[in-house]
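Q: Build the complex: two chains, separate frames, hints provided.
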Amino acid sequence: MNKTALTNRHDFLILFEVTNGNPNGDPDAGNMPRFDPNTNKGLVSDVCLKRKIRNYIELFPPARTSAEENGFNILIKQGAVIETEQKKGIEAAKQLHKEKDKQAEATMRWLCREFFDVRTFGGVLSTGDDVMKGSAWGQVRGPAQFTFGQSFHPVNPLEITMTVCAARLEGKPIEQQTGIQGHKYIVPYALYAAKGYVSPAFAERTGFTQADLDLLFEALLHMFEHDRSAARGEMVVRGLYDFEHVGTQHENNAEQNRREARLGCAHAHMLFDGIKVELTDEARSKGFPESFADYRVICDWDDKPLPAGVRLHKRHEI
Amino acid sequence: MTDNRITLRVWGDYACFTRPEMKVERVSYPVMTPSAARGVLEAVFWEPEIYYLIDAIHVIRRGNWFSFRRNEVISVISLVSAKTWMTSPEEVSPIQAGGGAPDGTQRNMLALQEVEYLITAEVRPSGLGSRHGIKTYVEEIRRRARNGKCYHRPYLGVREFACDFEWEEDAEAAFERRQQELGSEWRRYDENIGLMLYDVFAPELRAHGFRWLQEDNAAVDSPIRLEPAKKRKSKALTPRSTGVLVRPEALFFFADVRDGKLDCHPSRAQFAVKPAMEA
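Protein chains in written order, with numbering that gives the first Met the number 0: chain A, 0 to 317; chain B, 0 to 278.
By construction, these hints were calculated from the structure, which means they are not laboratory data. One or more hints might be untrue.
[Claimed, not checked] Ranges between beta-carbon positions, derived for each pair:
#: 1; chain 1: B; residue 1: R187; chain 2: A; residue 2: G178; range: 40 to 46 Å
#: 2; chain 1: B; residue 1: G99; chain 2: A; residue 2: S65; range: 51 to 57 Å
#: 3; chain 1: A; residue 1: F59; chain 2: B; residue 2: A172; range: 49 to 55 Å
#: 4; chain 1: B; residue 1: S183; chain 2: A; residue 2: E281; range: 27 to 33 Å
#: 5; chain 1: A; residue 1: V235; chain 2: B; residue 2: M21; range: 36 to 42 Å
#: 6; chain 1: B; residue 1: L181; chain 2: A; residue 2: R283; range: 42 to 48 Å
[Stated by the list, open to error] Stretch-level coverage of chain A by chain B, calculated; a stretch enters the list once three of its residues show a Cβ under 8 Å from a Cβ in chain B:
#: 7; region: 19–28
#: 8; region: 108–117
#: 9; region: 191–203
#: 10; region: 266–279
We treat Cβ as the ideally placed atom computed from N, Cα and C, and that holds for glycine.
Looking at chain B on its own, in the form it has when it is part of the complex (with noise of 0.2 Å):
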């Protein structure tokens, strides 16, 4: 499994893993969840062929906690009144949001500052086709990393925390490297975290392959349906890619960072609930 493992090194001036617990008002975990690195990593390369699973984030820098209040939106766009508004705009009005409007709040967020880490993973064959070798596809990431190329910016939790990355060959050797040239601003991060969000859907699922959930299977009485998704008539937005259905669920896991490493691969990781397991 060695050569399809990756190591990206990410860093940013703000992050906020947000808990998924105190989601109105957002609160991060101490440190990147791996869902949080499965985002970085897909936002520089994905592909429905493969997916990743997070092996292990080192914490280089934990960072320092940092809290924000801001004017946000609470109303959401909505999908029903945009169908007004296309024949009769005049029963509809715009978000009104900033200083004491109807659809505006103030919303506190408790982010971490200064913060990087080393995101270890695992490069695997989803099982929906296989046009190129799974080494292509590491290969491919890989000159990204290093060139500096991406889908589309890599970001630490939310988007306005854009983080950047770069290649390393290999994990510990890197961390050892980044705790020498911190000298004496190296801290070493040990904490038991306790319960923490996995991920919004099991690994196995994730194994499948998926695609985007859409309008049409809105009306599906169970949330996940494993035949072939049917196929669409109209024009996709988004994918090439057939798949299974998946509904987001929050899957937890005790998370304990030792030695600056938290270790998260699904065959060592203890989840909170056994997630259901699917041939």
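Chain A on its own, in the form it takes in the complex (with noise of 0.2 Å):
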């Protein structure tokens, strides 16, 4: 579909902390910070890291060069919404489209072009018809996966009490507005890891390209920065790990290396195994870590050889 699609396969795991906050709330439990009642140990969702790049690209989007090239309108939005800007953008599009687009295929494809989020993520579409309702045709499925996140240790969350010590209404009496007003939850400190997965053969159906997946890094490195709110606390990234999977062959043997890395070259089981974060032994006496001081990440491919056709990015360190 796409001449410029993403060739190589990714395997990424990403490490990022929290500090005093609320990572990813629990709407099951008052909005406590997610956590797992069989190991206690904290999670973050697969949908709130994605609405985090989400929310990035729309701050960020990069300028659109023409209208045959990729869009970086976001479909899913949070809440409210500016559209003006985003129709800007799609009035450039419409001019490709005066023939009338009565393929369905042809109107996938036009949102995978348009919406950053369809092309990366994928989406259930509705044709507004009964017959292809529940076949495979009804979705787009996005090259990027991403699973929970998981914090490497048990998270404690506390309940912190929020006092209020000026009135906001006139009408009621002063002494209802004032005084314990609310409470919110956070984490003193937290390491978590989530997994990615990018699936070139996705890649080539919604036409997601190198510069897509460049942006995708891009919006993972820095997507907490622009998320600052006083729930959250501290949230910081602190390791992109990006197996690429390249090919084993000689580089003048491009095409068989090409039909490799769509493929993969090893088990991302094995690429994430040398990615170890342990206490440090200071931290291990103290039994609980308190800053990312407390961690000690090795990895283990820094000594040893990456398998065959395997190359690894550390897209956090720039």
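A: Structure representation (structure tokens):
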């Protein structure tokens, strides 16, 4: 579909931390930070991470070079939106579509080209037709796939009480409006890891390019910097280990390399196992981590060779 | 048939094999369904000339139940409004999700945590041509599974629950070996589950191979058409294959996990409704 679609498989691991904040509230538990009751380890949902990426792209969309190139609009927005900007972008693309697009396929391609999030994460389409319902046709499978983020150690959410010292309403007695007015939860400190996968076979379908992938990594690295809030505390990306599958053949054999890179050259779990995160000796005697300094991230791949055909990019080291 | 039999060991942090009777708030079956197993195998290798018949699923780790509530989007992307969007963008607005927005909602999911299975399947020719013998394909699957190659990342029920996989030469031996390795963590899982989704089409239909249902077929009265589909004029988005048009239709069987093994080969499984046989 797209000649410039991404050709190499990527498996990436993202390490991020929270200090005195709530990375992802659990609606089942009064917005307490999510944690797994079996292990007490903290959790961050896949959709939470994807939301951050969408918000980042919405804030910093790259300039579109031409109407035939991929656009960077976001289809699934958070709450209220400012639509003016968006409509301008689509206006530019619509010239292309003077001829009526009868085919759902063409519309689907248009959606993928226009919207970064559809192109990257996929989505469910409605054709307004009962026969199509439930068929594989009704979905766009995006090349990027995220798993839940999990913390390395149990989290210990604290409840913080908020007091108010200034009344808001004139008509109401001041005593009722001040004092203890609310609660919020924080995780004192936790380091999380989430895995992501990019499948070139789906990139071909949606027209997801290398430039889109670079943008995705940029968004991952900076997503928390533009998502500050009192509730979130300090969130920082501490690592983005991107394993790129490039093929095991000599570079003259580009065709074979391309085929290998598409399917990958090694097991993803094996590659991820090479990134070890452990407590330092001092932190171990203390029993719990208080900051990133209490962790040691060891990349085995610094000392031993990666499996043939795989390259490691440490995207956090720029 | 034994030469065509393959076994993959798959494991993941989470899994959700959604029961179709509870599709709004996802509730998982306690064990992987044959259709999910097929999905994993097809993520590793798919080719119109072959199809997989899931023989058995061994449950190495059944996992714990685990509940999760997320903000989800109820609206789907409408192709009709996308068409309007191309010409008059002022008439359409994006999907508004998250905190209290009109297109968002909170949904719960009852999933499994820390699971591991052995998928045993037969690789069969689909009758859509045979450029290669079945052995060639089995070899290719073995090569891919051993080297961690996959067409797209396989997953356990839903895409956020990505899984890892490894080739196993023999299911029974692998099952024994994993029991030893797990030691005191090993729990035998036996349960008569009752009705379980087999797949969204009958295995007989699968044997013909299939092609995706496209928009131009939408007007067909009969859901299943057995004559070869007509050639598409426009550039095909998906496959080079042609085959039978298969409309998704749920098929159920009586699932019984005994000695940690869910036997689901169509020749032994008892289906809730006898599927229409086609020659």
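Q: Each hint should be assessed against the structure and marked as holding or not.
A: Against the structure, the hints come out as follows:
1. Taken as a hint, the range 40 to 46 Å is violated for the pair R187(B) and G178(A), whose Cβ atoms sit roughly 57 Å apart.
2. At about 38 Å, the CB distance of G99(B) to S65(A) disagrees with the hint of 51 to 57 Å.
3. For the pair F59(A) and A172(B), the supplied restraint of 49 to 55 Å holds, since their beta-carbon distance comes to about 54 Å.
4. For S183(B) and E281(A), the hinted distance range of 27 to 33 Å is satisfied, since their beta carbons lie about 32 Å from each other.
5. Here the CB-CB span from V235(A) to M21(B) is close to 39 Å, well matched to the stated 36 to 42 Å.
6. The supplied range of 42 to 48 Å is broken by L181(B) and R283(A), whose beta-carbon atoms lie about 26 Å from each other.
7. Counting residues of the region 19–28 of chain A whose C-beta sits closer than 8 Å to any C-beta of chain B gives 3, which meets the bar of three, so the coverage hint holds.
8. For the region 108–117 of chain A, the assignment as covered by chain B holds, since 3 residues bring a beta-carbon within under 8 Å of that chain's beta-carbons and 3 suffice.
9. Residues of the region 191–203 of chain A lying with their CB closer than 8 Å to a CB of chain B number 5, which satisfies the three-residue condition for coverage.
10. Residue count for the region 266–279 of chain A with a Cβ under 8 Å from a Cβ of chain B: 4. That meets the three needed, and the coverage hint holds.
In terms of the numbered hints stated before, the structure departs from hints 1, 2 and 6, listed from lowest to highest.
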